[in-house]
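Asks: As a plain string of letters, each chain reads:
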Amino acid sequence: MTIEYVLINIGLQTVLAVGLAVLMDRLTKSTLLRGALLLPWLISNVIAAMLWFWLLDYQIGLVNQVVEFFGGHPTAFFGDERFAIPTIALVNVWRHMGYTALLVFAGLQTIPRYVYEAASIDGSSEWNSFWHITLPLLRPVLAMVLVLTVTGSFQVFDTVAVTTRGGPVNVTRVIQYYIFQKAFGEGQFGYASALSVILFAIVGILAAAQLRLLRAGESDLA
Amino acid sequence: MATVSATASRSRRKRFSVGRFAAWVAMVIALLVTLFPFLWMIRTAFSTTRSLPSSPSSLLPADFTWGAFQRVLGLGSRAQAIAEGGSGASVNFWLYLRNSFVYAGAITLGQVFFCAMAAYAFARLRWPGRNVVFGIFLSALLVPPIFTSLPNFVLMKNLGLINTFPGMILPTFLMTPFAIFFLRQFFLGISREIEESAALDGAGPWRTFFGIVLPMSTAPVTTLCILTFITAWNDYFWPLLVGNNEQTRVLTVALGVFRSQTPAGSPDWAGLMAATLVAALPILVLFIAFARKIIDSIGYSGVK
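Going down the list, the sequences are from chains A and B.
Counting from 1, one number per residue, gives the positions in the first sequence under my numbering.
Counting from 1, one number per residue, gives the positions in the second sequence under my numbering.
Mixed in with the good hints, there may be bad ones.
[To be verified] Example chain B residues on the side facing chain A (calculated, C-beta under 10 Å, incomplete):
#1 Ala-30
#2 Gly-135
#3 Leu-138
#4 Ser-139
#5 Leu-286
Read the hints as simulated data drawn from the structure, not as lab findings.
All values derive from a computational prediction rather than experimental measurement.
Just so you know, even glycine gets a beta-carbon here, dropped at the ideal spot from N, CA and C.
Using the sequences and the accompanying hints, generate a full structural model.
Replies: The structure is reproduced here in structure tokens:
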């Protein structure tokens, strides 16, 4: 359950954030725009969860109105076993996208312009420049962003606690919510502590593996 | 030579314009997705819950009213609240608002004060094992909060501090690795000569720190204050564990309770949205006032 959430969350969030960051870098340096994109990150998880709980309401939520308008069937986003986890993941993508994009954007600023100029003189298209220059040079930043989002997404709790509370049929019982239930719902502190040690180990190993694989410490910008 | 480069740049500009247009479209869509939910929140907050089902997709409030806000802030009468589709249950929002300010304010003050001193020690004072200790601090950045909340909870319980402000504030009152890391980066950048000349004039480490280094660092210290305040304001998990009774409940926890109290079939959406809006307002005001600082800090703290 947690794994599914983590995969959706990270995949989408990273791709969208890199896309947004590149757009920001190419189009405008407007602080207003960056501020607007950052807004969801500033409000609390609880508020974001509540807001989307309303937008995605089965009966009169706006999203289902739009779905019906285009001839679809309304979907119980939080209530359906198939959709609950992707929905929660998307809500969190919405909240963190701007923040991650700003991190990547800051990374983009460290790539010197002359690299692109040289590439375009050699006839490289925008697209090629992105794949062969931007992404490789961005690697240290991306590594850090990935580590942050992975450790962060294993700890999803607030959204679940406010909206689905582990339901329907336990499909959204993510690890931290399970730990919370064990400790405070059933009073099994020992069991819950053991779980959190395991969670810590998993996150630690993942973070170390990512940093190693992505060679986060070294930059290709000599 | 000149003409060649001129045509080259012109053709490039042309090719760009289609791409640029597409890029702007993508950007506008991203902005819409980001901002529209907020608009919807405002729109709902000014509606009456009763009339929401009949006009679920109009952009303007359904049956414009301040009623939801009055309901949230405990100003309206019970009968009026029920007429507009509220639950009639009372929530003590002012108290929660005060609690949130106490909680976030105390954490901000304590954390920034102690972390500034610690960060200075890591940046300037020489003592054996400094780098090892700092390394341990840094790795603590990756420790999931849940890992420390259980032992912390047991500790607070044994100290008898459950459902008290000290119990809620203590774990993050003294320090967080992030705050120390953030300030240390800045302190490292202050030129040593200034501190050395202060030392020559007979200022001790305390005097140098409070008289010279801190005043020079107002910008990063303010930024850290804002960031800490926002984080503490948005905290949910820890206050839920330790401060879940009426007297110490903060806004985020209260919102969760408010949400679970509303009947499952027909929640008081207008009231909920008005409540979330009120809860988000202080952060929005802070953000509007310090937008540039906050935005710049993200690049700074993230990449370094």
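Asks: Confirm or reject each hint.
Replies: Results for each hint:
{"no.": "1", "hint": "Ala-30", "verdict": "holds, 6 Å"}
{"no.": "2", "hint": "Gly-135", "verdict": "violated, 14 Å"}
{"no.": "3", "hint": "Leu-138", "verdict": "violated, 12 Å"}
{"no.": "4", "hint": "Ser-139", "verdict": "holds, 9 Å"}
{"no.": "5", "hint": "Leu-286", "verdict": "holds, 8 Å"}
The structure fails to meet hints 2, 3 from the earlier list, while all remaining hints are met.
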